[in-house]
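Can you make the complete structure from the sequences, with help from the hints?
Spelled out from the first residue to the last, the chains are:
Protein chains: 4
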Amino acid sequence: MKALVYKGPGHKAYEDHEKPKILAPTDAIIRVTKTTICGTDLHILKGDLPSCTPGRILGHEGVGVVDEVGSAVTMFKAGDRVLISCVSACGRCVYCRQGMFSHCTTGGWILGNTIDGTQADFVRTPHADSSLYPIRDGADEEALVMLSDILPTGFECGVLNGKVAPGATVAIVGAGPVGLAALLTAQFYSPAQIIMIDLDEGRLEIAKRFGATATVNSADGDPQARVMALTDKVGVDTAIEAVGIPATFELCEQIIAPGGIIANVGVHGVKVDLHLETLWDRNIAITTRLVDTASTPMLLKILHAGKIDAKKLITHRFKFSQILEAYETFANAAKTGALKVIIEA
Amino acid sequence: MKALVYKGPGHKAYEDHEKPKILAPTDAIIRVTKTTICGTDLHILKGDLPSCTPGRILGHEGVGVVDEVGSAVTMFKAGDRVLISCVSACGRCVYCRQGMFSHCTTGGWILGNTIDGTQADFVRTPHADSSLYPIRDGADEEALVMLSDILPTGFECGVLNGKVAPGATVAIVGAGPVGLAALLTAQFYSPAQIIMIDLDEGRLEIAKRFGATATVNSADGDPQARVMALTDKVGVDTAIEAVGIPATFELCEQIIAPGGIIANVGVHGVKVDLHLETLWDRNIAITTRLVDTASTPMLLKILHAGKIDAKKLITHRFKFSQILEAYETFANAAKTGALKVIIEA
Amino acid sequence: MKALVYKGPGHKAYEDHEKPKILAPTDAIIRVTKTTICGTDLHILKGDLPSCTPGRILGHEGVGVVDEVGSAVTMFKAGDRVLISCVSACGRCVYCRQGMFSHCTTGGWILGNTIDGTQADFVRTPHADSSLYPIRDGADEEALVMLSDILPTGFECGVLNGKVAPGATVAIVGAGPVGLAALLTAQFYSPAQIIMIDLDEGRLEIAKRFGATATVNSADGDPQARVMALTDKVGVDTAIEAVGIPATFELCEQIIAPGGIIANVGVHGVKVDLHLETLWDRNIAITTRLVDTASTPMLLKILHAGKIDAKKLITHRFKFSQILEAYETFANAAKTGALKVIIEA
Amino acid sequence: MKALVYKGPGHKAYEDHEKPKILAPTDAIIRVTKTTICGTDLHILKGDLPSCTPGRILGHEGVGVVDEVGSAVTMFKAGDRVLISCVSACGRCVYCRQGMFSHCTTGGWILGNTIDGTQADFVRTPHADSSLYPIRDGADEEALVMLSDILPTGFECGVLNGKVAPGATVAIVGAGPVGLAALLTAQFYSPAQIIMIDLDEGRLEIAKRFGATATVNSADGDPQARVMALTDKVGVDTAIEAVGIPATFELCEQIIAPGGIIANVGVHGVKVDLHLETLWDRNIAITTRLVDTASTPMLLKILHAGKIDAKKLITHRFKFSQILEAYETFANAAKTGALKVIIEA
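Chains as they are written, first to last, in my numbering: chain A, 6 to 350; chain B, 6 to 350; chain C, 6 to 350; chain D, 6 to 350.
Calculated directly from the structure, the hints in this document are not laboratory data.
Hints may be right or wrong, so weigh each one.
What the hints assert, rightly or not - Calculated lysine-lysine pairs in the BS3-like style (CA-CA distance at most 27 angstroms, straight line): (1) K312/C - K312/A; (2) K306/B - K168/D; (3) K12/C - K26/C; (4) K312/C - K317/A; (5) K168/A - K276/B; (6) K317/B - K312/D; (7) K168/A - K312/C; (8) K276/C - K276/D; (9) K82/D - K238/B; (10) K306/C - K168/A; (11) K168/A - K168/C; (12) K317/D - K213/D; (13) K238/A - K306/C; (14) K24/C - K324/C; (15) K276/C - K238/D; (16) K276/D - K168/C; (17) K213/D - K312/B; (18) K168/A - K168/B; (19) K168/D - K312/B; (20) K324/B - K12/B; (21) K238/C - K306/A; (22) K168/D - K168/C; (23) K312/D - K238/B; (24) K316/C - K213/C.
As the list claims (entries may be wrong) - What the simulated footprint calls covered on chain C by chain A, stretch by stretch (three residues with Cβ under 8 angstroms from a Cβ of chain A suffice, anywhere in the stretch; the number is not a length): (25) 170-181; (26) 309-317.
Where a beta carbon is used, it is the ideal one built from N, C-alpha and C, also for glycine.
Set out below in structure tokens:
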């Protein structure tokens, strides 16, 4: 089969690879029909994630058709159309029992990281019964690809952790794909204000079309002052950090209201300054989270009910044979305007 | 009347002062029968709190007898014995409506800070109906003094925010009065382990008597390693920071288990390093809080039920005329072994 | 001044009445500019509520202008435009401290019940600071009248108690004003399905326009079977009872899914059968609630953000001098199609 | 092997039976070393549970040693000592994903009900990885038998559902084994009062020794009046129904405070009267639950920490060959004083 293989920092190849095999009775083999590229894939290619070693097939998102199942898989059979979660969950360990699937002792985010991933004709999915989701007849499979990772990430790490509530004020720092996923899913809870903050006017324009009630371009002077002006000088109830650098996290510290929550979504490479000398008495909370995809069943119901237009996030489409071009497009988002790209078998 | 007055950094006096008067219909004047000294009073005396200006009577804890009430006070009358909360709460503003009394727009922690406090023969308490609590006949008033501030602080900022739960593992960094208050109140929830961490062996001994299941002296090498060894290498579900310096907060970052909560209680003067590069995917929460005393009714019930021995925290007793000596004793805790001192009228 | 006065079962009069006076320092006198009639007013007129005695001015909803305030009122002054809550809350008693304002020991639902109400030129509102809400410039006062009682009732007793959640399935039994208020406010949480159940096809039509995803006319045979068919035979996550008779409550028992919640909103006059022989092992909850109006600040924010069109509930408008005609129209809703009527000064 | 077999209403036999075999890759076979008898076993023997058909081996509690595991079992191997949960949970279905294991679509309470149970030399346990728990070296296995069913039932259905809280008032109606299990586990949360209500003075005496702060013998006149007198006329915050008949459930309705919770634990055979005409405006909740054993890991930690003396519930011990005598003793509890009986291999 064909696969996109990580060859060490700065290198990748679209090449022939052996088809995966069932290794455990709870495994399934999936023929991938649609996949996509995540910002994390770019991090791996830069060499930022030592857990991912050269030779690894990348990719942790996608939909497909079950090709074969292990002897203990009871919920799926060959021919079933399925959504692949970016997180593999055994459903039995101490973390899975708490719904913290991201920390599954034999799973978590392993696809396209410590085991081969979905940017291939076939992928082996461990713990298939609790890591795949059936696709209803007539469902839009492109929209479903957004449920592998980006929507649950924005929703769980940003919206749920941030306790977005009806009538509340929300700021989202970072209007990239994951920030926009937080923006789309924050609206499930009818906040009064969603202020989107970014440096890219193009992305802020998209944010407005996606439901932001106000936008702040951090390049235009003092974003803290702008947010304070928009919130009667109180700050926001929820600040969602969707960038992953010290400056954006500290902006969240500056705009959070007493009693508010800073929900970190960004992947951080270095420490940040936490200003406890001003925050110790402000009754705030700061949360971090690797997506658990515990909300996938809920998101599937909302998608089926037509309460979210997940396809909005898709800007480009490629055939699998064009995956190197897809990477080019996705990696140069500032120029191409790419949010999420669909790669089709 | 007599009062202990802040005279500017490094200076205080026990001197004559005019008796307070009712200023608003919701005020009460209380004759103070017992008060105490808080670590925060020492901070004020060092000049650390610019909100507290010279000439201010210090003190925000105590019990007493109602001397006079304003025309809108309906729950108390002259002669009633009352517990004075360190936080004044109007019960009507946007913060009080959420139980966040510490941020009351016309109250919060103002006693002995922005208005005259309890280290005096009489004190004016604003918002009397929602800031005083009736004392039952036969109640132990020394124990009740611990409910003005120290017990609700340890309980709300540490135990409640930290979501201490049955069977859970808890570490408390700092075995001073507030850390010990957290230790006492954490036991309301039957955690399996409470690990107390401090540099002072004497205080760790007290912690053991107060219910700590293990103690770690940070001076003996690597406290992180010690906590990991005590928790099957997982870390703790709840880490309560009760010191207020960067080193102790960072220790909490090092010992927190995936899914855990760092509950900050300490008053911080400088920023701390938040290691998001290791914590971003650990599903943790960090909380801060100025005590709201929203739990005071609950604590009163527990005290009356005999479920806590609050008097354990009291090590010394003085007459009000000896208050300067009481300050000496309290300020030199390392030498005197002082935890809380009772100052009696 | 003029007022609508309850004269004993079956009798009411629009007549002259003495203007109310400040009785406590926390009172305010409000000149009522808009009020409405509640289903409860009809109950009183039938003699169903012994707490309301002849001679009482009816009405517990409305907006107006502050005419005079007591000496302890600090948040409002003469001339302020205000929303009057149906619940008076002291903000200080044991129940108010928990946000359970409906059980305030010196308040609760007393307006137009145990003290004179809002269907008058002027009304005295006790505990003014915590029972009135300021009206922003430019706000639509007709819409605000819906926030005195009907919207918080549907929202708190139905939606909040019922824990309506994104992607969930909801059934609302009863499409009268309060059922429709639950329907409008349930949508704050983006449930996947809202099934409206009633006997009146006209009201079900309105429900569809207001956002119901399906309607079931109980007159058409078996409503339980219809709901099961709409929910993959599982039943609903939330069943909101908005009628108040045994048959509709038992329907909720029949359609609730395992793990679901029956949120009672209806005012019941007789006991109902609770089928614990089938429900004991179904992991369900049943809740009851008298509206606390604790959600009023949240509802005001949502209204101001344009997230709800509260005026949809208004079908008729009258001058205060026509209030007897307004009662006629409201009492004959089946014929007149009345939902809420506005009565204007 | 030997087994205790249900032979139809009124009949049981201790007889030879074929040893169970692995049927699915997720099964395990356990050699039972200790088991016990549950009140539900007596219900089955009366013919009350049609789901349990003649020929079934009874029993859903116990500890043992793993004899054999299916190919997909990864957490246990032959020779491991294990606690058997009364609930089998796949860990993957829609209900298990929510922690509602009792409603597992291929599990739930099936042992000794719809499949053969633990009152035998060997038992097949489906979904072994998520339905068994490892036993630590040195653990007291008699105490652990109490964790198969009775302690999680009292804790989850009574204490957790009833939201027992520090300082709160609790009433437990029914001082049988499950009521006493609720009593023991309620103390994890330090309520101020636990009032035990029963007709049997002997059991009330035991309740006092187990931590009840007051007891009420319902035979002595008016239990509602007694509870009101003990609670300042307010009623209790949590009422736990642990009998399962209309009279005891209605007593809970009479003693519940505004804002309180009635947590049903009892297995009911007939409907009860729910007095919504008095409860509709009291802001109460009523919960039902079949034990999920989701709390088993927490209970194991508490047991290991020595925070509960689970063995207190054990009154008699028998060899497995004496199981018919054990049934006699357990069924005649009024005479024998039996709570839980241990049956040892």
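We went through each hint and held it up to the structure:
1. K312/C - K312/A: Holds: K312/C and K312/A sit about 15 angstroms apart, inside 27 angstroms.
2. K306/B - K168/D: 17 angstroms, holds
3. K12/C - K26/C: 22 angstroms, holds
4. K312/C - K317/A: It holds: about 22 angstroms lies between the C-alpha atoms, which stays within 27 angstroms.
5. K168/A - K276/B: 26 angstroms, holds
6. K317/B - K312/D: 22 angstroms, holds
7. K168/A - K312/C: 18 angstroms, holds
8. K276/C - K276/D: 12 angstroms, holds
9. K82/D - K238/B: Holds: K82/D and K238/B sit about 24 angstroms apart, inside 27 angstroms.
10. K306/C - K168/A: Status holds; Cα separation ~17 angstroms.
11. K168/A - K168/C: Holds, at about 14 angstroms.
12. K317/D - K213/D: 13 angstroms, holds
13. K238/A - K306/C: 16 angstroms, holds
14. K24/C - K324/C: At roughly 19 angstroms apart (the allowed maximum being 27 angstroms), K324/C and K24/C satisfy the hint.
15. K276/C - K238/D: With a Cα-Cα distance of about 23 angstroms, the restraint between K276/C and K238/D holds, given a limit of 27 angstroms.
16. K276/D - K168/C: 26 angstroms, holds
17. K213/D - K312/B: 16 angstroms, holds
18. K168/A - K168/B: 17 angstroms, holds
19. K168/D - K312/B: Holds: K168/D and K312/B sit about 18 angstroms apart, inside 27 angstroms.
20. K324/B - K12/B: With a Cα-Cα distance of about 22 angstroms, the restraint between K324/B and K12/B holds, given a limit of 27 angstroms.
21. K238/C - K306/A: 16 angstroms, holds
22. K168/D - K168/C: Within the cut-off at roughly 17 angstroms; holds.
23. K312/D - K238/B: Between K312/D and K238/B the Cα gap is close to 22 angstroms, so the pair holds against 27 angstroms.
24. K316/C - K213/C: This hinted pair holds, its Cα atoms lying about 16 angstroms apart.
25. 170-181: It holds, with 4 qualifying residues against the three required.
26. 309-317: holds (count 3)
In this structure, every one of the numbered hints holds.
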